[in-house]
Amino acid sequence: MKPTKFTTAVVLFLAGCGAAASSRAPEPVAAETTAGSHEPVAGAQTQPGAEPTVQESYDELTSFSAEFDRTLELATIDCESARNLRDRICELSARICGIAEENPADLPTAERCEDGSTRCESASERVASSCDS
Numbered sequence: 538m539k540p541t542k543f544t545t546a547v548v549l550f551l552a553g554c555g556a557a558a559s560s561r562a563p564e565p566v567a568a569e570t571t572a573g574s575h576e577p578v579a580g581a582q583t584q585p586g587a588e589p590t591v592q593e594s595y596d597e598l599t600s601f602s603a604e605f606d607r608t609l610e611l612a613t614i615d616c617e618s619a620r621n622l623r624d625r626i627c628e629l630s631a632r633i634c635g636i637a638e639e640n641p642a643d644l645p646t647a648e649r650c651e652d653g654s655t656r657c658e659s660a661s662e663r664v665a666s667s668c669d670s
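Residue numbering for the sequence shown follows the numbering used here, beginning at 538 and increasing consecutively.
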């Protein structure tokens, strides 16, 4: 049976789509996801195996901090999520402060460390008063 022009066009189109898809560069991998979801955190684009930058860590910290605030504003507080977010905020703060200690002349990193430490302390106090009382 002889192929029609339509069949030939479809085969060529599909072959072209497959070739185009396989020639694309790989997408960057999201470094983290928000607690309780599989959505990437805004700005958290890190190549696999690479350490996140101070800016990526700080962006992630502020994202988790905002999600933490929303969690504690719910009519019924999800304490498990609040504790997980608190832990992540404090881990990111410690990471940023570790970098600040290694680079004492880097004032923006030192400021982010101070902000992160304040957020960690606040999150810890808020979880203690809302969930651990």
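Worth flagging that the hints you see were computed from the coordinates, not collected in a lab.
All residues carry an ideal CB built from backbone N, CA and C; glycine is no exception.
Treat the hints with care, since some could be wrong.
[Unchecked claim] DEER-style ranges, computed between Cβ atoms:
#1 E651 with D606: 27 to 37 Å
#2 E662 with A587: 32 to 42 Å
#3 E628 with S666: 18 to 28 Å
#4 A665 with T613: 10 to 20 Å
Verification of the supplied hints:
1. Separated by about 19 Å at the C-beta atoms, E651 and D606 break the suggested range of 27 to 37 Å.
2. For the hinted restraint 32 to 42 Å between E662 and A587, the CB-CB distance of approximately 34 Å keeps it satisfied.
3. Judged by the Cβ atoms, the range 18 to 28 Å given for E628 and S666 holds: they are separated by roughly 21 Å.
4. In this structure the hint that A665 and T613 lie 10 to 20 Å apart at CB holds, the actual value being about 18 Å.
In terms of the numbered hints stated before, the structure departs from hint 1 and from no other.
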